[in-house]
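K.L.:
Chains as they are written, first to last, in full-length UniProt numbering: chain A, 1 to 400; chain B, 1 to 259.
Just so you know, these hints were derived from the structure itself, not from any lab.
Glycine included, C-beta positions come from ideal geometry on N, C-alpha and C.
Careful, some of the hints might be misleading.
What the hints assert, rightly or not - Listed next, the in silico SDA-like pairs over lysine to any residue satisfying Cα-Cα at most 25 Å (straight line):
1. B/Lys37 x B/Thr12
2. A/Lys107 x A/His55
3. B/Lys89 x A/Ile151
4. A/Lys307 x B/Glu16
5. A/Lys294 x B/Ala185
6. A/Lys307 x B/Gln247
As the list claims (entries may be wrong) - Distance windows between CB atoms, simulated:
7. A/Glu30 x B/Glu141: 51 to 57 Å
8. A/Gly329 x B/Lys24: 30 to 36 Å
9. A/Gly329 x B/Leu255: 30 to 36 Å
10. A/Lys321 x B/Asn86: 32 to 38 Å
11. A/Pro185 x B/Glu93: 53 to 59 Å
12. A/Gly295 x B/Asn86: 36 to 42 Å
13. A/Gly329 x B/Met215: 52 to 58 Å
14. B/Thr74 x A/Lys294: 22 to 28 Å
15. A/Ser56 x B/Lys129: 57 to 63 Å
16. A/Lys294 x B/His213: 20 to 26 Å
17. B/Glu93 x A/Phe382: 41 to 47 Å
18. B/Glu141 x A/Lys307: 49 to 55 Å
19. B/Lys129 x A/Met252: 48 to 54 Å
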Amino acid sequence: MEEISFETNKEPDILLPPKTQSKALRWMKENLFSGWFNALLTIVSALVTGYILFHSIQFIFTEDWSVIAVNFRLLMIGQFPVEEVWRIWTAFGLLTVLLGLSWGLWKGSMAHVAVSILAIMVVMLVMPFIQMNTRLILGGNIVLLFLTFFIGTKLPKLKVPVLLVWLLFIPVTIFILNGFGVFEPVSSNIWGGFLLTMLIASVSIIVSFPIGLLLALGRRSTLPVVKYFCVIYIEFIRGIPLITVLFIGQLMIPLFLGNGIEISNVMRAMIGMTLFSAAYLAENIRGGLQSIPKGQYEAAQSLGLSKAHMMTFVILPQALKAVIPACVGQFISIFKDTSLVAIVGLTDLLGMGQKLVANPEFLGKQMEVFLFIGFIYFIFCFLMAHVSRRLEVKLGVGER
Amino acid sequence: MESLFAVERLSTPLEERDDMITVKGLNKWFGDLHVLKNVDLTVKQGEVVVILGPSGSGKSTFIRTLNALEEFQTGEIVVDGISLTNDLKNIEEIRMETGMVFQSFNLFPHMTILKNISLAPIWVRKWKKQRAEQIALELLERVGIPEQAHKFPGQLSGGQQQRVAIARALAMRPKIMLFDEPTSALDPEMVKEVLDVMKTLAESGMTMLVVTHEMGFARQVADRIVLFDYGEIIEEGPPEQIFDHPQHDRTKLFLSQIL
């Protein structure tokens, strides 16, 4: 019989992993070619993708993009008079300062926004068709952004003033653009292009949020009058399409206001968009409120916190954090839905595109124009989605 | 440090002290269900009352009515001289005087431990932030977890979270502490750390109402045991009497099931 030996103090044989394939090769084998059927799928989809990519890239690089180059100003700011463009640049300069300061003060998500805007400015700067003085202003803005960034990192005291100026930014911008008696008025009827898209979107997003919040709280109120007002408002608005709201806005708001007050088309569109999105935001926020466990309310109450304090410090911070994705989704869709104002006669980015395409001079250039417009929408929507994801991660601190 | 647990040690015997809580003829219905039936109870200053009873006997509901987390239909509740009515101001006053600790801790998950504790003192008691945080830190020291002040509730164990919840309630300097099954959601090895804090609190002279299933705690710490069944008090008395010589059949049955 064979003797059995136990080798106790001997190092076990260490097996090294087989060094055969590189990581990439292994990944491909596991994920793309794990069987004959998957290999077939891989090849077919690769061929299709390659075909589409090849033709898209060929289109982008061989096509004549002069339609964009020639009409770049129109697409960006519409028929805003050339001699008054300094107003837009002033507003843009203010935005740059705010962005730079916020980047320096808060870093984090603001850094992503600031860097993205910076990248857009740099891209515009190197575009061949941009006029020299525009380039100079853009260059100045880039310098300004870095300058204010450094100021922001050095002066943390500026946080509160910067927040205040952010709050005032949109009203100030509209004031500068319109003039309102201080400067020569530039009627909002000739605002257009991307400028108009941005203005309508920002106003609707910023104003609809607090309204939506109030509606959501009102819908959960114990006072029947408040509650049913909110329910009826929300359900009424959600029951009609945005286009209808916009038409109603165009036709009814002047009727409500009577003859005394003139209110511009742009303002009517902003009101319509705001009222519309407030109803959807209210439902999103209500979802967040319902996700907060009863124990949180009870704990806050048992500590003697008043209802207002309980909502402000305990319930809303948690509820709003929970609905960031849904709310940003709503913001993105507001931003894209601003393109519908073209139907009520405004020339936003898309409206301007349609006018260009209708011009016989640029016959057959639809593809270029709409691709360009789509690309601009995409950049800003993607930026919003990206920042919201960052925000979620950042606010997720301490979560289980 | 001793003063942190709000109430001085009392030397006068229980019978001669003031009433902290008086409940007379309390009745409550959930729909058609009669959950509290003619409950009468008086709690003296500095007394520790442990409420026992089978689940569904109404004991949690009872202590939740004391700080108006539950409404009641008939009867009278007087807490520290304030009669509990529907008046919102009255309710908030009573809630300032009574701290509550829940089975599921109910810490605010989006705030650090320090913020959890100092929130109510700052906004309800209107203390300066610095003072509130100072007291929060001292309370954390008392419950034995000063090093956790800047963490979030999700990063703490259950026992630690419940101790923070006790500190949070104490930060308001309440005269009465209500405990609603404070150890029922804890892993067994964490029950003791919470009970120890409660024991220290009882020794410092706090008026306490405790709903629990911890018989050891009840026997050791309680001045009086109250037994609930089917929404009414079936027996009450000092722990020795209840545990060793129960009078009522239902008390005997309950104790036999649990001991």
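K.L.:
Compare the structure with each hint and give your call.
P.N.:
Status of the hints after comparison with the structure:
1. B/Lys37 x B/Thr12: With a Cα-Cα distance of about 33 Å, the restraint between lysine 37 of chain B and threonine 12 of chain B is violated, given a limit of 25 Å.
2. A/Lys107 x A/His55: 40 Å, violated
3. B/Lys89 x A/Ile151: Given that 25 Å is the threshold and the Cα spacing comes to 48 Å, the pair is violated.
4. A/Lys307 x B/Glu16: 38 Å, violated
5. A/Lys294 x B/Ala185: 17 Å, holds
6. A/Lys307 x B/Gln247: Violated, at about 46 Å.
7. A/Glu30 x B/Glu141: 51 to 57 Å: 55 Å, holds
8. A/Gly329 x B/Lys24: 30 to 36 Å: 55 Å, violated
9. A/Gly329 x B/Leu255: 30 to 36 Å: 58 Å, violated
10. A/Lys321 x B/Asn86: 32 to 38 Å: 34 Å, holds
11. A/Pro185 x B/Glu93: 53 to 59 Å: Holds, since proline 185 of chain A and glutamate 93 of chain B (Cβ atoms, about 58 Å apart) stay within the stated range.
12. A/Gly295 x B/Asn86: 36 to 42 Å: For glycine 295 of chain A and asparagine 86 of chain B the Cβ distance comes to about 23 Å; the hint is violated.
13. A/Gly329 x B/Met215: 52 to 58 Å: 53 Å, holds
14. B/Thr74 x A/Lys294: 22 to 28 Å: 25 Å, holds
15. A/Ser56 x B/Lys129: 57 to 63 Å: 58 Å, holds
16. A/Lys294 x B/His213: 20 to 26 Å: Because 22 Å falls inside the window, the suggested range holds.
17. B/Glu93 x A/Phe382: 41 to 47 Å: Check failed, 53 Å falls outside 41 to 47 Å.
18. B/Glu141 x A/Lys307: 49 to 55 Å: The hinted range 49 to 55 Å is violated for glutamate 141 of chain B and lysine 307 of chain A, with Cβ atoms some 33 Å apart.
19. B/Lys129 x A/Met252: 48 to 54 Å: Given about 50 Å between the Cβ atoms, the range holds.
Violated hints for the displayed structure, listed by number in ascending order: 1, 2, 3, 4, 6, 8, 9, 12, 17, 18.
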